[in-house]
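J.: As a plain string of letters, each chain reads:
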Amino acid sequence: MALFIEVQVAPELANDEANAKQLEEVCPVDVFSSKSGGALEIVDANVDECTLCELCLAVGKPGQVKIVKLYEDGGGALERTA
Amino acid sequence: MRFYEYESKQLLARHGIVLPQGSKVAHTPAEARAIAQEIAGPTVLKSQVLSGGRMKAGGVLFADTAEEAEAACAKILELEINGHKPRGVLVEGRQPIAQEYYLGVTWDGIAKQPIMIFSDMGGIDIEEVAETHPEHIGRKHFSTLIPFSDHKAKELVASVGITGSDLNRITRFVAPLARIFAKYGLTLAEINPLVRLENGLFVAVDAHVDMEAEAAGEHKELLAELGIGEDETRQARPPTPFEIEGKRINEVDHRGVAGNVTEFKGSLGLIIGAGGGSLTLFDAVKKHGGDPANYCEIGGNPSVSKVCNLTKLILSKPGVEKVAVMMNVVSNTRVDLVARGVIKGVIESGMDPAEKIAIFRIPGSWEGDGFTILKKYGVEFCDRSVSMYEAAGRAVAKMRSV
Ligand code: SF4
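Same order as they appear, the protein sequences are chains Y and D. The opening position of the first sequence corresponds to residue 1 in the numbering used here, with each subsequent residue numbered one higher. The opening position of the second sequence corresponds to residue 83 in the numbering used here, with each subsequent residue numbered one higher.
Note that these hints are calculated values from the structure, not bench results. Nothing here was measured: the structure is a model prediction, and the numbers come from that model. Using N, Cα and C, we set each Cβ at its ideal position, and we do this for glycine too. Among the clues, some could well be false.
[Said to hold, decoys possible] Example chain Y residues on the side facing chain D (calculated, C-beta under 10 Å, incomplete):
| id | residue |
| --- | --- |
| 1 | Ile67 |
| 2 | Leu70 |
| 3 | Tyr71 |
[What the hints assert, rightly or not] Here are some chain D residues pointing at chain Y (derived, C-beta under 8 Å):
| id | residue |
| --- | --- |
| 4 | Lys222 |
| 5 | His223 |
| 6 | Leu227 |
| 7 | Ile228 |
| 8 | Ser231 |
| 9 | Lys234 |
| 10 | Val386 |
| 11 | Lys426 |
| 12 | Ser431 |
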């Protein structure tokens with residue numbers, strides 16, 4: 001179970017085959033896996049490897065991907081606003 | 083890279099250092115017999131293993147005749163010492179000994195220069211002599227750029243009160259040893275004991291040479307001449323299961339380094355690194371009276387899972403009470419990722435990070451996030467305003483309060 005990072009992906013983005021594929025491609029530490037049917041899977045074993053590079057935030061629309069630093073009290077979420 | 087005694091001696095002999103009579107390696111009892119016949123007198127036969135404790139294990143035997151030498155050789159060839167089978171048996175002439183001396187060169191990391199050490203109390207552990215009879219030890223630093231002169235050698239030998247012809251004779255061993263050390267990129271060149279025979283002559287009875295692993299490429303020709311294969315790593319002992327597992331953890335994940343472990347018997351696990359920082363930190367722990375359970379360098383931004391698995395390995399070792407995570411200031415390794423890995427490893431081992439991590443001192447990139455993580459889990463940490471030496475002291479103090 002991830003202790004330090006939580007990855008949140010909006011359902012409409014997670015169910016979009018092209019976006020799911022893109023997430024899988026951009027993440028340097030394989031946090032995302034796109035299944036053959038198109039749906040997105042978050043690879044729990046790799047979530048704590050997240051380097052906070054923010055590449056995934058550029059996929060989809062602003063706010064659809066959020067990276068939460070679980071170690072920061074009251075916030076610490078990374079998301080695209082524009 | 084450690085040399086067998088016979089290889090060390092071959093190297094020394096090329097530079098004029100006098101060895102006992104014979105000094106040849108036998109691979110069969112018949113060869114031992116032939117060498118002993120050439121010597122035509124009492125002999126000593128020594129197992130050629132890369133391990134200490136030969137005498138105690140029965141790997142050194144004496145013979146008065148060639149027949150006895152043949153039988154002794156057969157015995158030694160069968161003998162395994164600390165898991166090592168001998169590569170051969172060194173057969174040398176044995177003459178009555180009047181006195182034993184110590185002569186060695188090693189690298190002094192603090193002075194950043196080689197240091198030559200001489201003592202008129204040889205044959206025993208030089209560290210023991212340093213503690214019990216410091217007045218019997220002479221030391222001299224030297225530059226690798228300027229040849230070690232006979233004059234300097236004499237100063238060293240005379241510093242323990244040796245004069246006259248003994249002084250001149252010992253000098254002939256000192257200067258060449260210093261030159262060999264510098265020329266071949268050695269980390270240790272030692273003659274122990276250097277012996278004065280009853281007839282007044284000096285011989286190098288035992289010798290030990292270690293070459294810097296990185297220097298091997300530069301001295302391929304010498305190594306080939308001594309019969310040392312390019313694939314030989316020459317570790318002093320075979321890796322333990324703990325060390326093999328550390329290596330495996332390192333190899334299954336290409337990201338960074340974590341798992342290059344050497345095991346010791348202590349109770350403080352060490353995850354240390356950053357250039358010369360790891361050696362400095364290891365020494366600092368020892369200086370403060372700490373008892374390291376391992377030496378483990380990390381660096382190059384290892385993944386969280388790699389650090390996690392390494393931490394679990396260190397904590398799984400019986401007798402390990404805490405781990406200290408310390409590095410010099412780092413720019414190529416992320417503090418937050420190491421913090422995540424260590425904390426995860428402790429938690430997955432069913433332990434409390436606040437209790438098990440003695441100190442965390444890694445200042446550098448992403449230290450803000452790293453320190454936030456450590457604070458959340460109640461782990462003691464410090465920034466670069468606390469020296470590596472002081473951090474090591476804090477870790478050792480915590481061990482004392484266990
Ligand atoms: S921030 Fe980077 S490392 Fe983290 S999940 Fe997104 S793409 Fe992967």
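J.: Hint numbers the structure violates, sorted upward?
T.: The structure conflicts with hints 1, 4, 5, 6, 7, 8, 9 and 12, although it agrees with all the remaining ones.
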